[in-house]
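**Q** Chain by chain, the residues:
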Amino acid sequence: MGAQLLHELLEDSVGRHADRVAVVEPDVAEISYTELNRLANTICETLRANGVGGGDRVGIHISKSIASLASIFGILKCGAAYVPVDSTAPAARNGFIFTDCAVRFVISRNPEGTGLDVSGAISHPFGDDDKFLSDLMLVPGASEKSAENVADASDLAYILYTSGSTGKPKGVMLTHGNGLAFVDWCSDTFAPNEEDRFSSHAPFHFDLSILDIYLSIKHGARLVLIGEDAGRQPKTLASLIADERISIWYSTPSILRLLLEIKDIDAYDHSCLRIVFFAGEVFPIKHLRALTELWPHPRYFNLYGPTETNVCTYYEVPMPLPAKRDEPVPIGIVCSGDTAVVMDEQDQEVSQGAEGELYITGPSVTSGYWNLPERNAVAFHTDAAGTKWYKTGDIVRQEDDGDYIYISRRDRMIKRRGYRVELGEIESALYRHDSITEAAALAIPDEDGGLIVKAFINWTGEERASIIKLKRFCMENLPAYMIPDRFSVQPALPKTSTDKIDYQRLKEMD
Amino acid sequence: MTENAESIKGTVKEYVLSEFLPGEDPDALEDDTPLITGGIMDSIATVKFSLFVEEKYGVELQAHELSADYIDTLSAMGTLIESKLGE
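Protein chains in written order, with this note's numbering: chain Z, 1 to 510; chain D, 1 to 87.
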């Protein structure tokens, strides 16, 4: 029988791959499975000695490192759930998160950044002679003493906070069972092995990290940690892939696109790549095409799924990419184990091929948000048979061959001139322009109570961008009611900490 | 083209630039730049334009005139308004 708990993946691999390299922090260290497990045990024992146990939450406020990875496993081992945050985010935001979910402790190198009261912080809790752990601190939270139960599959393993529409982050609760259902599906579908080297590009507070960490550890493979700074520098990334011989890459399309900016990319040996996963946003087809032409050898998979569901649909990109394709690739078929259905606004299933909202149920799906009963009441639909479905907020339709096509976020569909406009479709059209490398369309209220569409673009043409020419280009690619009213040319579009285009900041730029 | 038509065209150009092409280099908008068939003005924009003309010049544009056949360029706009003023 396989692992029932996420940290058992590490313990099982220690048995099989004790001396193999488990994790690499480039330019810092690489450590074996035995060593990673030892660090995790040290953290677990210290947390236990400080009263942490089953049913607790422990925050991780450390930049990506061997220490933060060991913290994840150490927290899980003592039966608690980990709550990773962006260590560079404002202290107030982190403080909100840690207070919201009532952590027992936060593991940090910079207690002031946790947003908590630091007067009771414990220095060197893990000893002062460990190369990886000696500079860490434990910052206490407000939570009471835990129950001492031992974790089982239905217990919380981690809480990932995502930005909420109210402006306050909301905590998505995932159990060991949710995580393992996804990881086991990955094993069956992609069959990685101990020779693989996984990129760990996504920060640990981003759900893409679940695949990186647990799939790699489960298969005795090597996990290459890519820090935030390196992760956004095209040449550093290109070197890392070549030097660390990464075979399985996973990131957002925005990051993969960065690699296309390198003029002498051919100088790097990337023959090591065998699988490229991308997720988190739509991959503009021209950039995907350019990437597949640059790297024709790996298999490419579009993985789709909100944090709330883990990955729930996937699509293998056919190679070579058909020349006539000018729309983004589908999000594909539903992952085995999960079930998907397309529903209308009355929670009724739409006819085959019609557009509607994607609902998901299955073992990888969250039970809800931490401490947000009102949000939970609207985020899920319970059908007549008692099945609880997560409403993704994504509008899709299903092709006859079973592939789901992503259309838009529900909240990115607007009515304009009486027509329904999908802002993503405008972006998709803009991306067809040779000189546009990034595009984002926003609906902004105008003084007449209507909406105007403003397009933000990153322009790489030699001549100054002409709005007249841009509008004419849109006229050739879009119906008149979808042509943006305004254009704003930017040197680069702002990104979130999870490397997606930051629409909130664009809105504020207006 | 008469001086009056030139002046009308200049006024209309300023209006089109500020209303439908904010941020554009004024020199890029030429007398024969297609406005409706070029995606710069849609049906709502043409209605707004007619309100502007009515307010500015006191002339009324007919519904059929709010189309590419009559007002697709600054030149055509200038000519149409001038002819209306002369009626």
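Worth double-checking, as some hints may not be accurate.
[Said to hold, decoys possible] Think about it this way: if two alpha-carbon atoms lie no more than 25 angstroms apart in a straight line, the pair counts; the simulated BS3-like pairs of lysine-lysine are:
id, chain 1, residue 1, chain 2, residue 2
1, D, LYS56, Z, LYS454
2, Z, LYS286, Z, LYS324
3, Z, LYS391, Z, LYS469
4, Z, LYS415, D, LYS13
5, Z, LYS507, Z, LYS415
6, D, LYS48, Z, LYS454
7, Z, LYS286, Z, LYS131
8, Z, LYS507, Z, LYS495
9, Z, LYS500, Z, LYS263
10, Z, LYS235, Z, LYS469
11, Z, LYS324, Z, LYS168
12, Z, LYS388, Z, LYS415
13, Z, LYS263, Z, LYS495
14, D, LYS48, Z, LYS469
15, D, LYS84, Z, LYS469
[What the hints assert, rightly or not] Covered stretches of chain D (in silico footprint by chain Z; criterion: 3 or more residues with CB under 8 angstroms from a CB of chain Z, positions within the stretch not fixed):
id, stretch
16, 36-47
17, 53-61
[Claimed, not checked] Sample of chain D residues with no beta-carbon within 12 angstroms of chain Z, all distances over it, derived:
id, residue
18, GLU19
19, TYR70
20, LEU85
It is worth saying that the hints were derived from the structure and are not from the lab. This one's a predicted model, so the numbers in the text were calculated from it and none came from an experiment. Note that the Cβ used here is the ideal one computed from N, Cα and C, for glycine as well.
**Q** All hints, please: hold or fail.
**A** Each hint tested on the structure:
1. D:LYS56 - Z:LYS454: 28 angstroms, violated
2. Z:LYS286 - Z:LYS324: 11 angstroms, holds
3. Z:LYS391 - Z:LYS469: 40 angstroms, violated
4. Z:LYS415 - D:LYS13: 30 angstroms, violated
5. Z:LYS507 - Z:LYS415: Holds - the C-alpha atoms of Z:LYS415 and Z:LYS507 are around 18 angstroms apart, at most 25 angstroms.
6. D:LYS48 - Z:LYS454: 19 angstroms, holds
7. Z:LYS286 - Z:LYS131: 46 angstroms, violated
8. Z:LYS507 - Z:LYS495: It holds: about 13 angstroms lies between the C-alpha atoms, which stays within 25 angstroms.
9. Z:LYS500 - Z:LYS263: Distance of about 24 angstroms is within 25 angstroms: holds.
10. Z:LYS235 - Z:LYS469: Violated, at roughly 33 angstroms.
11. Z:LYS324 - Z:LYS168: Between Z:LYS324 and Z:LYS168 the Cα gap is close to 43 angstroms, so the pair fails against 25 angstroms, i.e. violated.
12. Z:LYS388 - Z:LYS415: 30 angstroms, violated
13. Z:LYS263 - Z:LYS495: 23 angstroms, holds
14. D:LYS48 - Z:LYS469: Holds, at about 22 angstroms.
15. D:LYS84 - Z:LYS469: 31 angstroms, violated
16. 36-47: holds (count 7)
17. 53-61: violated (count 0)
18. GLU19: Check fails; 10 angstroms does not lie beyond 12 angstroms.
19. TYR70: 17 angstroms, holds
20. LEU85: 28 angstroms, holds
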